[in-house]
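Number of protein chains: 2
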Amino acid sequence: MKKHNFSAGPCILPQDVLEKASQSILNFNNDNLSLIEISHRSQPFINVMERAQTLVKELLEIPKGYSVLFLQGGASMQFLMVTLNLMKLNGKATYINTGAWAKKAITEAEKIGETIILADSSDKNYTYIPKEYKIPRDVDYFHCTSNNTIYGTQIKKFPECPTLLTCDMSSDIFSRKIDVKKFDLIYAGAQKNMGPAGTTLVIVKDNILGKTGRNIPTMLDYNTHINKQSMFNTPPVFPIYVSMLTLEWLKDLGGVDIIEKENQKKAKLLYDEIDRNPLFQGTAEKEDRSNMNVCFLLTENKYQEKFDEMCHQTGITGIKGHRSVGGYRASIYNAMPIESIEILIKLMKKIEKL
Amino acid sequence: MKKHNFSAGPCILPQDVLEKASQSILNFNNDNLSLIEISHRSQPFINVMERAQTLVKELLEIPKGYSVLFLQGGASMQFLMVTLNLMKLNGKATYINTGAWAKKAITEAEKIGETIILADSSDKNYTYIPKEYKIPRDVDYFHCTSNNTIYGTQIKKFPECPTLLTCDMSSDIFSRKIDVKKFDLIYAGAQKNMGPAGTTLVIVKDNILGKTGRNIPTMLDYNTHINKQSMFNTPPVFPIYVSMLTLEWLKDLGGVDIIEKENQKKAKLLYDEIDRNPLFQGTAEKEDRSNMNVCFLLTENKYQEKFDEMCHQTGITGIKGHRSVGGYRASIYNAMPIESIEILIKLMKKIEKL
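Protein chains in written order, with this note's numbering: chain A, 1 to 354; chain G, 1 to 354.
The set of hints was computed from the structure by calculation and includes no laboratory data. Where hints are given, some of them may not hold.
Since the list can't tell identical chains apart, any single copy or any two copies may satisfy a pair.
As the list claims (entries may be wrong) - The calculated lysine-lysine pairs, modelled on DSS-like cross-linking and capped at a C-alpha distance of 25 Å, are:
| id | residue 1 | residue 2 |
| --- | --- | --- |
| 1 | K88 | K134 |
| 2 | K131 | K2 |
| 3 | K3 | K20 |
| 4 | K211 | K111 |
| 5 | K302 | K320 |
| 6 | K228 | K103 |
| 7 | K131 | K157 |
| 8 | K228 | K104 |
| 9 | K306 | K265 |
| 10 | K111 | K3 |
| 11 | K88 | K111 |
| 12 | K228 | K205 |
| 13 | K2 | K20 |
| 14 | K228 | K111 |
| 15 | K2 | K157 |
| 16 | K228 | K320 |
Construct the complete structure from the given sequences, taking the supplied hints into account.
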């Protein structure tokens, strides 16, 4: 049975990408060698790395003066690297706390230096994006999380920022247009819209680095990786290759403009049904609703077992809400076809009529 | 044409592993989902992680009291983590410098605290393993590199160690029996005998941790990962799965005892030819020769072009020596069939007769 994969991440990837990825394991580049048994210093893999970097630059229209890196360690390692690379000795950083991942970033910064939380939506279980805060000028950087996977909220308008603007875009990068020149550092774990788990995209403005006065460990210094074209040590070959394939797929589709419209359409379809159907209720503030992760509850618990059973029978998978929110979470990333959302909506209508 | 892949790493993996890995990208676990699009918190992946950890414990006969982790960042990140987790504030670490990778480990430790180099084979371009040194008792740990990929040397007998014994086994783990209880911490990048690039095996004795008095960043603290069964954040799913497959393959073959004999046989075959054939000459001291990386030179440069051409025609790939040694390097890891070595030897005999 065909599955409708609403998993929050690692998550659905385009079928075409999966087929090419599978093939590359047996015979890459028609060389009768597997992608995963060739040297990362060989020309075929150097081509992959360069192509992946170029695609990121093209798709996000990244201006000159930024580097694109494929690192390891996930967003969790970036929580640390951002602080080490940007917070001056005896400096200050500012954050907004919009969910579990934002909080982990804050915790890491606090281990290193003075960390100011400018706004916090934990009072309502992170169901909204705070907007009433002002970023001070005399701090080293501001950090925010563009999309909160667990709670289904998303920053629609980034704040005016008089200091360095850094952002964790793990769960919505490549899903909508962003004005990269307004950001100084963007990072994203691959395993939502970009590829499989195991690599982390970093887009960093070169001239903000090397100014903290800190003794940064080699592997945690962005300049180490910039100076070696993201190949200081053996990179995670397969995750980078699959990211390249996914970015090619997005480019062939028409790029970020096109996918943004698709994503808006898909999200609207589902939110409209949640708002219309008396059996369902969204959990996030309407104006802050994520176009990637749609969180909702059943208004009557007695239908839960039945609805879960219907989802299971229909091949709908990965739709259980995070334990801290409950209910359901339909993650509808770039690769999610509108047909899968229509099938979910059909079930929602069906259970209403029971 | 079938290739004979002598690449130093990423390197040859068993064909059977490649086929299963390729299949998992299309349909994993017969669930009609790809391995790389399911949640790492789903039972099928938890099973993979647990199986991989169990296989490491079985194959290396790891006693109780050790944890097995699959981390990210390669050996290069371990250079840092070992020091942060084991070197006390105002403490001391000891190293031996047996090559480029050992030196990188030393450089990282020096950034953090007092680092004593007990022995150093750079005087002869790392062509031997120093043995005349004594590890002091009053230091936090001793670090060595079991096999030096670039120079083709290997520690045959580990030193008596009155402090914590740590070892980078990136290029020979699972190739020979090791007495794990003599070590306190072992780490290895996957991309030689274990799997594809993108994960790093760490075997650490639990009771040595948490004693430095340092404020260790979350992601760099081994205890973070131990406490979450190596799933603190999204792990590199595919590299871990392929590592599991490779370890299954090794177990089915009979385990480390059997592969060690195979490896000795393969290496002897090639070294015997190098020693016999007047056109070739080994670069490493005989008693320290690696059974994984066989480094050799042509004694007469005029044959180089012809030999390279013959290798190319025969499908022999990845045999060029590292630029700091020159000549040739035949990496003959676990998955390298003896037939490929016989073909290489045939060419060596052929060029002798020209």
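A quick look at each hint next to the structure:
1. K88 x K134: Intra 21 Å, inter 42 Å, cutoff 25 Å: intra-copy only.
2. K131 x K2: Answer is neither; intra-copy 42 Å and inter-copy 61 Å both fail.
3. K3 x K20: This pair counts as both: shortest intra-copy Cα distance 20 Å, inter-copy 21 Å.
4. K211 x K111: For K211 and K111, the Cα distance is within 25 Å both inside one copy (19 Å) and across copies (18 Å).
5. K302 x K320: Classified as within: same-chain Cα gap 16 Å, cross-chain 68 Å, threshold 25 Å.
6. K228 x K103: So K228 and K103 pass the 25 Å test across copies only (18 Å; inside, 32 Å).
7. K131 x K157: Answer is within; shortest intra-copy Cα gap is 9 Å, inter-copy 63 Å.
8. K228 x K104: Between. Shortest inter-copy distance 15 Å satisfies the 25 Å Cα cut-off; intra-copy 29 Å does not.
9. K306 x K265: So K306 and K265 fail the 25 Å test inside a copy (28 Å) and across (63 Å) alike.
10. K111 x K3: neither (43 Å within a copy, 51 Å between copies)
11. K88 x K111: both (14 Å within a copy, 18 Å between copies)
12. K228 x K205: Within one copy only: 16 Å inside a chain, 34 Å across chains, cut-off 25 Å.
13. K2 x K20: Both: 19 Å inside a copy, 21 Å across copies.
14. K228 x K111: between (29 Å within a copy, 20 Å between copies)
15. K2 x K157: Neither. Shortest intra-copy (37 Å) and inter-copy (55 Å) distances fail the 25 Å Cα cut-off.
16. K228 x K320: between (42 Å within a copy, 22 Å between copies)
Hints 2, 9, 10, 15 from the list above are not met by this structure, while the remaining hints are.
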